[in-house]
Amino acid sequence: MAMTKSAFAIARRYAGLLRVQIRTATIGAMQYRADFVVRGFIALLWMVVALVPLVVVFGARQQVAGWTFAEALVVVAWFTLLKAILEGAVSPSLTAVVEHVRNGTLDFVLLKPADAQFLVSTAKFEPWRIIDLLGALAIFVYAFRLLGRWPHPAQLALALVFLVLATMTLYSIWILVVSAAFWVVKVDNLSYLFGSLFDAGRWPIDIFRGVFRGALRFAFTFIFPLALMTTYPAQALLGKLAPSTALYALGGGVVFARVARQVWKRALRMYTSASS
Amino acid sequence: MIDVKNLSKSYRVHRRAPGLGAALRSVIRRRYETVKAVEDLSFHINEGERVGFLGPNGAGKTTTLKILSGLLYPSAGQVRVGPFVPQQRDPRFLQLITLVMGQKQQLLWDLPPADTYAMNRAIYDLPRAQADETQKTLVELLDIGDLINKPTRQLSLGERMKCELVAALLHQPRVLFLDEPTIGLDVSMQAKMREFIRDYNQRFGAAVLLTSHYMDDVTALCPRVIVIDHGHLIYDGDLQELVRRVRPDKRVSIRLSVPIERAQLDKLGVVVSADAAHVVLSVPSGKVNVVVRDALATLPVVDLTIEDPPLEEVMREMFSAHREGTRDRAVP
Amino acid sequence: MTIRRAIRAYPTLLRVGLSEVVAYRAEFLVWILTTNMPLVMLAIWHAVARDGAVGRFDQKEFTAYYLAVQAVRLLTSTWVVWQMSMEIRDGTLAAKLLRPVHPLYAYSAEHLAAVPLRALVVSPIFAILVYLAGDRLAIHDATLLVIFAASLVGAWLLIFFTMVLLGALAFYMESALGLFELWLGIHAIFSGYLIPLEVLPPWIRGATRVLPFRYMLGFPVETLVGLETHASALRELAVQWGYVGFFFAVSLLVWRAGVRRFAAYGG
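Chains as they are written, first to last, in the numbering used here: chain A, 413 to 688; chain B, 158 to 489; chain C, 910 to 1176.
No lab work stands behind these hints, which were simulated from the structure alone.
Be a bit skeptical, because a hint or two may be false.
[Stated by the list, open to error] Keeping only pairs whose Cα atoms sit at most 35 angstroms apart, straight-line, the calculated DSBU-like set for lysine-lysine is:
| hint | chain 1 | residue 1 | chain 2 | residue 2 |
| --- | --- | --- | --- | --- |
| 1 | B | K293 | B | K307 |
| 2 | A | K524 | B | K307 |
| 3 | B | K193 | A | K677 |
What you are looking at is a predicted structure, and each value in this text was computed from that prediction instead of being measured.
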């Protein structure tokens, strides 16, 4: 049946599946209503807390590593936006997969005639992250008001492309992390690790250049995808992004996604040959 | 329909001695052992057959089921289900089978089973009308109409397993893999499940592979059994034949109106159990007629029945015989 | 009676705790990598201080400060909140309550057992700290070093008991973990974790002297990095241990009340 379907039919099927998954995940999340409000409030508070270092740093200086306060705010806004996507859609599914592996219920996912990666990625999400999204929007608006200008449509378009790219990269990193969970079953902390590494993306990447030359080069390899996710989109929006960098980033992101999928498949193979 | 040839499966397990020294050492270096779960298994199952997998814990039953459903890759040998090789996980193969594991559910925890059914309908790409019809039939058969709209976490284990069955069978699979499906259920629920599985098998002609600890499951459902011990197949055939072969003795169960001296009972046959009013004798099949005639003539019999020995005993004897046979073989 | 039994059982509890830490070595590594915020902040302030000091903090001072934060944080943080919250939710705590030893002994033993391994991991950081910024540290001042050691112990205890308190809130509410996140956020600012307290605006600085957060992190760090005099350090030490006592009492009270509620409602 599946073999004779055209690509379009497959896309339609998965779109329909996505709709069902989102519906199910939303109902599931709505089961804990009180949580919704509390979590939303906490999300807002975290945003404020996150802004404090920025305010303090730029209280001491007008410019840091070539970025002004308003420009840095744009980076923060992107960060908040992506954090909302990370913790709203990507991270919940991560913890769900780890739970599945631990309880032995991942088998049920593998028995379904749909792509396992798709099923686990769309299993859960947290709707109160919408508040984070709104917060990000607010910071965007404030930053551009400080700058006294608004982004051109072309810059906006490029920024949106980067949004897609960033989400894809974020997701790929997550797939890598989940695949690691197959080897080391009890990795609850992995989502925290991911979140903490991601936290560095709050700052324009230029700040990290040239610091502790040797040691940070290693960190840079992790932070570089972060540059992709927060600094580059901000630069795109501000019109400061070199076209070559943009192309380089796009290519890199696509490659990264492919690598991640291969690792996931490898991890599944290992799971199915080693588990009992 | 299911074809297994020379199936073997072994995997590496991390072994660590207890104690602090060993614990610290394992931080640096881990020691692994190879465990042979299944060795050189071969059998064939036809469409619509009901087969029971018997064996002690760790015999390799669950491993075999998982290999058949494509969840585990075999280390050696060939496996076919229909025209498919399970480990390739062809979507058509996955539509063909279902796996039910006792005490584990695919039902979504926070939501009513009905939502899981809706999701499965989408995942298995079932036409709405057909899925609704199947769901209705199954729900009626299992009598869970008022349960499917309650959140799964609020259901008891028995209720959950019933709802689980609907989720597992919504796509009308032709092969059912049931791994200890009745474990943890009370006796009446176990009986209901057995009845349902038999119904499903007859109605839809689906092959059923069942592993179970409960001999009643096997006795009630499976005319054919495959016995596995330590990963080896030690019997494949008719259940009754197995009983006859391993324990050719019959059980004669006599209820007496008056207590009788032990010596007198010993003359008739081997006494398995004897209390004031009830005696059970173990008698070779050939001598049953003679013993029954003598008992009726010499004892104050109220009631007398001739039974097969309980399956547990048969199995126990079978496994100990098998183990004695393999004791001389070298174990690595 | 129970205390004596607890003391007898404690070595075994410690041993078990150590085995657990070793068994979950990957998790341990992951957690260490998770606590990287101080390094990130260091990188940022390093860049800021390139053109000149911020207050009394020049680049070296920032290095000293944040490496010290990293070390102290790794040594003193606990996971008991998650543990308690999970065990209360899934009812495992019920089993622990049936034991003749107070569950808190078990929790504390697990966490104490982790300290040697953490100390092992933290030593390189201390080494780097001394190498990079030795002249700014209080290592030549024996009194301050002793006070620092005492403040480390105090910080560990203070964090442990406040975490027990927060964990015990899981007896009362579903979103206890959410509250904990709130706590983390406030802690990040008011303990000196994100930013040296001296660099913060004066009105926040005032609050930090009063709130307990500073004594979980900022105070030990500032002692080590030579920002305290003998007199002020001793004074602060007294305040810290005052807080330790306070949270010890409060956490036990809330725990007891929580357990009673747990038993009443069947968890």
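Structure-based check of each hint:
1. About 17 angstroms separates the Cα atoms of K293 (chain B) and K307 (chain B), which keeps this hinted pair within 35 angstroms; it holds.
2. A C-alpha spacing of about 24 angstroms is found between K524 (chain A) and K307 (chain B), which places the hinted pair at or below 35 angstroms, so the restraint holds.
3. For the suggested pair K193 (chain B) and K677 (chain A), the alpha carbons sit about 25 angstroms apart, so the restraint of at most 35 angstroms is met.
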